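Engineer: So the sequence lines, in the order shown, correspond to chains U and A.
For the first sequence, the working numbering begins at 1 and goes up steadily by one.
For the second sequence, the working numbering begins at 1001 and goes up steadily by one.
In short, the hints are calculated from the structure, not lab data.
In this text the structure is predicted, and so the values were computed from the model without any measurement.
Take the hints with a grain of salt, since some may be wrong.
Among chain U residues calculated to face chain A with C-beta under 10 Å, some are [to be verified]:
| # | residue |
| --- | --- |
| 1 | L25 |
| 2 | Y29 |
| 3 | A76 |
| 4 | I87 |
| 5 | E94 |
| 6 | A118 |
| 7 | S144 |
| 8 | R147 |
| 9 | P148 |
| 10 | H149 |
| 11 | C154 |
| 12 | I157 |
| 13 | Y244 |
| 14 | F253 |
Quick list of simulated restraints, FRET-style, between CB atoms [unchecked claim]:
| # | chain 1 | residue 1 | chain 2 | residue 2 | range |
| --- | --- | --- | --- | --- | --- |
| 15 | U | D251 | A | R1056 | 35 to 41 Å |
| 16 | A | G1074 | U | S215 | 46 to 52 Å |
| 17 | A | E1079 | U | R6 | 30 to 36 Å |
Just so you know, even glycine gets a beta-carbon here, dropped at the ideal spot from N, CA and C.
There are 2 protein chains.
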Amino acid sequence: MKKSIRRILITGMSGLIGGIMHRALEGKYELVALNRRPVPGVRCYQADISDLSAIRPAFEGVDVVLHLAAVAHGGAPWEEVLRHNVIGTYYVFEAAREAGVQRVVFASSGAVIMGYEADLPYKKLVEGPDNPLPEEWPLLTHASPFRPHGLYGCSKIWGEALGRYYCDRYGLSVICVRIGAVLPGDKPTAPRHFSVWCSHRDVAQLLEKCLIAPSELRYDIFYAVSNNRRNYRDLTHAREVLGYIPQDSADVFVY
Amino acid sequence: MKKSIRRILITGMSGLIGGIMHRALEGKYELVALNRRPVPGVRCYQADISDLSAIRPAFEGVDVVLHLAAVAHGGAPWEEVLRHNVIGTYYVFEAAREAGVQRVVFASSGAVIMGYEADLPYKKLVEGPDNPLPEEWPLLTHASPFRPHGLYGCSKIWGEALGRYYCDRYGLSVICVRIGAVLPGDKPTAPRHFSVWCSHRDVAQLLEKCLIAPSELRYDIFYAVSNNRRNYRDLTHAREVLGYIPQDSADVFVY
């Protein structure tokens, strides 16, 4: 797909990951933003993704969409999850389909499987580096049954399901990335981050690889975390399909 | 759980499966209906599941909820799927939690994996009994990755995800049943029904077994289809966990 990609639309560019991707991609592609607030330094369509007719113009002439806009915390209230993540994500897929976009890269979340952290051995892993490692732990893969954290996690499963449907029904390529803990200070700040932390440059590497992956990739799901010793999310699939090689590790930090 | 079950609330009792369950369960349990239209012969709370405050009274004193109410076809438009299946199902779980209900049996659908029918070998299977069987086909299990048909299928994945979350977070027991083609005439009427047909008494058997399964069963997913030769959905899990033994088969019908 690389050769034919010119214009990338990023929803939610004013967020943390949006800013990281803005800096990582600018100068290499023609970037366009779809955002409620204006975004300095980029052509920005100001609209709310819960309004389909308002967001349509942003998708014209777009090759690939990176859909980041969402309420992004596990404790988000129902009304916000419904409006932005459930309805808004449907409208983003719908507008992408209408405009003939080639691919949507959907920012899913580790929250779709974070429920496993309540049980052993994952419970031990996320207690942080002051605690012994379990003897072994099965990695969760992109095919593991979901166990969502919060309505937020449920809404990300909804987005992955919509993506699968838009791929099968309309031929839209959809790649879901279950992003770990990407943090403002770009380092772990809580015990479980030593399992699920993802550095700015690692998330940027993985998301860019998804944006430009060959068009033969029709639908897939990847985890985005750094190379952390206490990690429990499979990275083999991202390495084999996309060539993702994390550059960072939570292990170098002292908590 | 059997001993302690007295009152069962059925949402959508005026639908086809609602009527089947009404007849199958009356006299054995205290039945209550939550329905937009009145339901003859049963205590009925008339309300729309997209209105949380209106449905709350129906859940008082209820032991188990059988949640059938939904728009129930693959081609349902977005507004209806959103209102009834996405928002309504959330409110049913929320009202059940608030009222201290023990279990919700959620009518999911084979539509969550029906996307597989576009590809071999499933494509061959659903072409009906006039066509040769594939040499072999892997059964889809409750742990197979989803491939939804329509927004309807996506909404059922949403319901299964919510159920998993309500189980993990609030201790509500949730059993999801991916119901096949339950038909008004109780016999196959299209080629694919010879794969996915589920007779009235088979769906009644499986749903009742879910309602009364031991309280140790916290969250699970089962397929409801009859014993059809062209079936591609695993029934071993339902047999092992619930003792489900289908009594009917599409194979006895001539198409």
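Engineer: Against each hint, give a clear statement of whether it holds in the structure.
Structural biologist: Tested hints:
1. L25: Violated, about 30 Å.
2. Y29: violated (30 Å)
3. A76: violated (13 Å)
4. I87: Check passed: Cβ of U/I87 comes within 7 Å of chain A, closer than 10 Å.
5. E94: holds (8 Å)
6. A118: holds (6 Å)
7. S144: Holds, because the Cβ-Cβ distance from U/S144 to chain A comes to roughly 8 Å (cut-off 10 Å).
8. R147: It holds, given that the least Cβ distance between U/R147 and chain A is near 6 Å, below 10 Å.
9. P148: Status holds, d = 5 Å.
10. H149: For U/H149, the interface hint holds, since the closest Cβ of chain A sits about 8 Å away, which is under 10 Å.
11. C154: holds (4 Å)
12. I157: holds (4 Å)
13. Y244: For U/Y244, the interface hint is violated, since the closest Cβ of chain A sits about 20 Å away, which is over 10 Å.
14. F253: violated (30 Å)
15. U/D251 to A/R1056: 35 to 41 Å: Because 50 Å falls outside the window, the suggested range is violated.
16. A/G1074 to U/S215: 46 to 52 Å: violated (28 Å)
17. A/E1079 to U/R6: 30 to 36 Å: This hint holds: roughly 35 Å between Cβ atoms.
Taken one by one, the earlier hints fail for this structure at numbers 1, 2, 3, 13, 14, 15, 16, listed in ascending order.
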